[in-house]
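Residue numbers (the working numbering), protein chains in the order written: chain F, 1 to 341; chain S, 1001 to 1223; chain H, 2001 to 2462.
Careful: at least some of the hints might be erroneous.
Said to hold, decoys possible - To be clear about the criterion: a stretch of chain F counts as covered by chain H if any three or more of its residues have a C-beta under 8 Å from a C-beta of chain H, and this derived list gives those stretches:
hint, stretch
1, 100-112
2, 320-329
What the hints assert, rightly or not - For each label pair, taking beta carbons as the anchor points, the in silico distance ranges come out as:
hint, chain 1, residue 1, chain 2, residue 2, range
3, F, Asp-118, H, Thr-2041, 23 to 33 Å
4, F, Thr-83, H, Gln-2143, 40 to 50 Å
5, H, Gly-2237, S, Asp-1092, 21 to 31 Å
6, F, Asp-118, H, Gln-2123, 56 to 66 Å
7, F, Asp-118, H, Asp-2059, 27 to 37 Å
8, H, Lys-2120, F, Glu-23, 37 to 47 Å
9, H, Lys-2127, F, Glu-334, 14 to 24 Å
10, H, Val-2043, F, Thr-151, 44 to 54 Å
What the hints assert, rightly or not - No farther apart than 25 Å at their CA atoms in a straight line, the calculated lysine to any residue pairs in the SDA-like style are these:
hint, chain 1, residue 1, chain 2, residue 2
11, H, Lys-2335, S, Arg-1196
12, F, Lys-325, H, Gln-2282
13, F, Lys-98, H, Ser-2056
14, H, Lys-2335, S, Val-1185
15, H, Lys-2120, H, Val-2058
16, H, Lys-2335, S, Val-1100
17, H, Lys-2127, F, Ala-34
18, H, Lys-2270, S, Ala-1110
19, S, Lys-1171, H, Gln-2282
20, H, Lys-2164, F, Asn-113
21, F, Lys-329, H, Lys-2145
22, H, Lys-2127, H, Ser-2036
23, H, Lys-2395, S, Arg-1151
24, F, Lys-271, F, Ala-34
25, F, Lys-329, H, Thr-2100
For the record, the hints were derived by calculation from the structure and aren't laboratory data. Quick caveat, the model's predicted, so the values are computed rather than measured. Beta carbons are placed, not taken as given, at the ideal position from N, Cα and C, and that holds for glycine.
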Amino acid sequence: MRYCVFAFFLIFWVTEPFALTAESVTDYGTDNRAIDVEILSSTDQEIFEPILEEFVKKFPNRRIRYTVASTSDIFEFISTNQTEFDLVMSSAMDLQIKLVNDGLAASLDLSENLQVPDWSVWQDQLVGFSAEPIVMVLSKKDFIGKIVPRTRRELISLIRNNPSFFKNRVITYDVNTSGAGFLFASQDARQSNSFWRLAEVFGAAKTKLVCCSGDMLDEIETGQSVLAYNLIGSYAEQHAKTRKNIEIVYPKDYTLILLRSALIPRHAKNKKGARQFINYLLGKDGQSHMTQFTGLLAPKSQGILDQGNFKPIRLDTGLLVYLDKLKRKRFLREWNEALVQ
Amino acid sequence: MKVLIVEDTVELARALRDFFALGGHSADIAGDLSSAQDYLSVSHFDMVLLDIMLPDGDGRGLLKSIRKRDDSIPIIVMTAKSEISDRIDVLDIGADDYIVKPFEFAELEARCRAVLRRQKGQNQTKLSYGSVSLFPLLATLEFKNKQQNLRNRELRLLEIFFNNPEMIHSKEQLTDRLFSLSEEVTDNTIEVYVGRVRKKLVGSGLEIITMRGLGYRLRLCDG
Amino acid sequence: MDRKPGTTFSIKKRLILLLGCVAIGISGASYVLINSVVSQTVVATQDRLLSAAIASIVDNLYSEDGEVSLDLPYDTFSLLGAIGEDQVFYKISEKNTVITGYVDLPKIANPGNVLNPSFKQFQYRGKAIRLAAVNYPLIINGQTKVITILVAQTMNFQDITLQKISKNFIPIVIIFTLTLVLLALGAANLITNPLNEFATKVQRRGPNDLRKIIQVVPEEVIPLVEAFNDLLKKLRGTLRQTETFIAEAAHHIRTPLAVVKSESELALRKSRTPENREHLRQIIRSVDQTNRSATQLLDHAMVLYRAERPDKTGVMINNCMAGLLQQLAPAAALKDILIKVNDETTGEIFMEVDRNLFETAIRNLLDNAVKYSPVEKQICVNYSATKHHYKIEIKNERIGVKSLNFRGLLKRFKRGSNAAEVPGSGLGLSIANEAIMALKGDLKIFQSRGNTICATVSLPFS
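Please take these sequences and the hints and turn them into a complete structure.
Right, dumping it as structure tokens:
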């Protein structure tokens, strides 16, 4: 039933200018069928696999090709290539909103009985299918006997008061290059007025800037870093299963919630197949399967709604603002000033 | 018998008077209600023949006033109207009978006879000849204390003879008087009735003789 | 052959059509009106929102390091998209240089100012957008530069709102139209119901019933009812005249006949000449015939007249019979005919009949019996009653009974085979028959033993 192909290869789409770097391409479904649903996603294949397998079990006439790439690559590609992929899933909410605002998305034709709340749907063209807390991760062994910071204020005081402890041992996204990092940081700046102080404190601690959460988790595991800031919770939890040094902190002042969202490009070839998939994913079976087997939270789950400190990033046109080049320029300039001292 | 004829059609009134005269009765004619009242107040009549439609009113008015006076004089009403309601009316008001114009004399005669017969205390009208008495109202023939009942035609035949005894009555005359024109009559028919009457007169001292070619005659028997 | 009265239109159909059109007209007008009002309101709201957005953008626009700097307000953009999940577009430019935003937003001829932006509608990227444009003077390096700020939204909210109105409107229109149609039907019924009721009442009237029609009707129908009743009154008058005429005719025919007859009879009694006598006899016969015809024609007319409107009253029927028989007695006596009466009823019987018709029928039958009976014979009259009928039976010997066609006897002007011997116009039995039929009864004539004819009359009690 399943035929796996792991491949790192450059795919040149000859006629289009932008070259998409695919991190992995995997096929799901009955072998002898033709691929009919092309999914482009920023979520790791291992994490999303249970959903894909369940889908092809339920709809044996479908054959899926699941291509993974970075969020920025995805955005660039889809901005100019409308026909190659049928479904685009990305954790970069702002980039997805931009695609929709620019009129590049088709209607999802969502069915009536969805398991996702209204606030996770935008214009029937973009829908958040999973909710992810953005967390801090600590090196367990390094914090034995020490107070664990639960709020950003506490974190700021802690770092200020223990400069040597934290020097060169804090790690976070480089927002210049990471779309996700930029999104989290800009949302942070919106939420709290202590953000810029935190940024300065990070700068003073000579915080390491990396592209990916994987890198951050590796450093925490080895103890090279004692604190990783603004990580995607599901990744952290996944690693925490096997890596014992990882301690996850859901900040009490506020924990941002990221929505992974999906859209169908305007001129996608197999909109029907894409719609079938997305409706499955958003339905009762899909969402429960996802929660059980992938570690991704459903947006409607009680965990999200009850927690007072959970602040879902709003899926609306506000997200466009930080994509504005002037605004972005301003933000990056400040951020760089703070962190790169 | 004295009859008061109340009728505004002069010809008819006169014809009726003549008819009564033939039968040996006298009649007076009143052409309207007021003259009728006059006659009644002046003379005594045995019967009134009253026409309903009179120039000065409805005959029923007179009828009512006569009866109101408690006068039980026999009244026969003559009417030309078809309306049964009129006739019923008339009997209810107090007429003894009614006759519809045009009528046969024979019918008038029969009705008069019937009405008179019904009168209480009506003196027995009698015709006599020889020692034989004929009671037209009772339709009986009496002689030598023997009473015989007479049939209608027998009675009428005898009436004719008794009214004019010793006179010759031709067959035709008798036929015309006895039978209505609608009846089938042969030469013999009258002879049959004459025969019957002859039988009834046996032993009465009267006989009817046939006079060939002339007719019949009632006469006293010889010897 | 009756021609159907000309029909031009149906009140109902016209009313329905009229009110249907009115309903649709009003609905249409309302729809257009509401749509336009709502559109204007929504656009006005949108414009205000856009104005506020521009104002807040302008607040965040300033010069820095000799350049235009813009700190786009996050919440403004959030709000701009919020209401209808609209797409949001913006462009900041200075003269022809685009500083930031969607470069392909259309140019505006004369943008307004912050207090009074200019608004325009465009098609952009396949959708209708509402664009607000403002010129803002910004001092950069001592120079005043005019910055043009464009903010636009798609018009989803308006579309959604208008769709909602339409969606809600259609059931309202349907209900409204249906209500008006029902009203139309109701209104039409208000008229047609009393008219139909009136028509039914008229229909139910028998040909005899010329009484006024009494019905409670609306004001507007009163003229019709009154006119109709007037007509009935005139008809009654006409009929009464006919009745009077018949009565008058009798008198005017019969009195002269009576004169002729009486004179002729007198002459006959007095005359001695055989030829004269024969002439006179002929005259008398003719008069008789004329009289009989006249009588029977008048009787016939009377029966027909009464058959149309019988004058039913309570009658003591046995009493009636007795009266008729007494009337007959003299005529019978003339022919020495004995009338034997047999009353088989148990007492007086009360019947609702038209007395005239009854007496005419029985009188004609009895006259007929006497006329056709040979002299010195018997006529038997029996009358009896069952639960439902009053029965009269008249039996008499008849001259030439053998070859009588009984059926034909009752037809008008038919005379029996022995009629040649008996003068008479032959109407007698047919009149009796017609009168009995008008009484809803039954007459049968048949031959009994030997030469005897039997006529039976059966009259229903109700």
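Structure-based check of each hint:
no. : hint                                   : result
1   : 100-112                                : holds (count 4)
2   : 320-329                                : holds (count 7)
3   : Asp-118/F with Thr-2041/H: 23 to 33 Å  : holds (25 Å)
4   : Thr-83/F with Gln-2143/H: 40 to 50 Å   : holds (48 Å)
5   : Gly-2237/H with Asp-1092/S: 21 to 31 Å : holds (29 Å)
6   : Asp-118/F with Gln-2123/H: 56 to 66 Å  : violated (30 Å)
7   : Asp-118/F with Asp-2059/H: 27 to 37 Å  : holds (31 Å)
8   : Lys-2120/H with Glu-23/F: 37 to 47 Å   : holds (46 Å)
9   : Lys-2127/H with Glu-334/F: 14 to 24 Å  : violated (35 Å)
10  : Val-2043/H with Thr-151/F: 44 to 54 Å  : holds (46 Å)
11  : Lys-2335/H with Arg-1196/S             : holds (16 Å)
12  : Lys-325/F with Gln-2282/H              : violated (145 Å)
13  : Lys-98/F with Ser-2056/H               : holds (21 Å)
14  : Lys-2335/H with Val-1185/S             : holds (12 Å)
15  : Lys-2120/H with Val-2058/H             : holds (19 Å)
16  : Lys-2335/H with Val-1100/S             : holds (19 Å)
17  : Lys-2127/H with Ala-34/F               : violated (36 Å)
18  : Lys-2270/H with Ala-1110/S             : holds (20 Å)
19  : Lys-1171/S with Gln-2282/H             : holds (18 Å)
20  : Lys-2164/H with Asn-113/F              : holds (21 Å)
21  : Lys-329/F with Lys-2145/H              : holds (22 Å)
22  : Lys-2127/H with Ser-2036/H             : holds (20 Å)
23  : Lys-2395/H with Arg-1151/S             : holds (22 Å)
24  : Lys-271/F with Ala-34/F                : holds (16 Å)
25  : Lys-329/F with Thr-2100/H              : holds (11 Å)
Checked against the numbered hints above, the structure violates hints 6, 9, 12 and 17; every other hint is satisfied.
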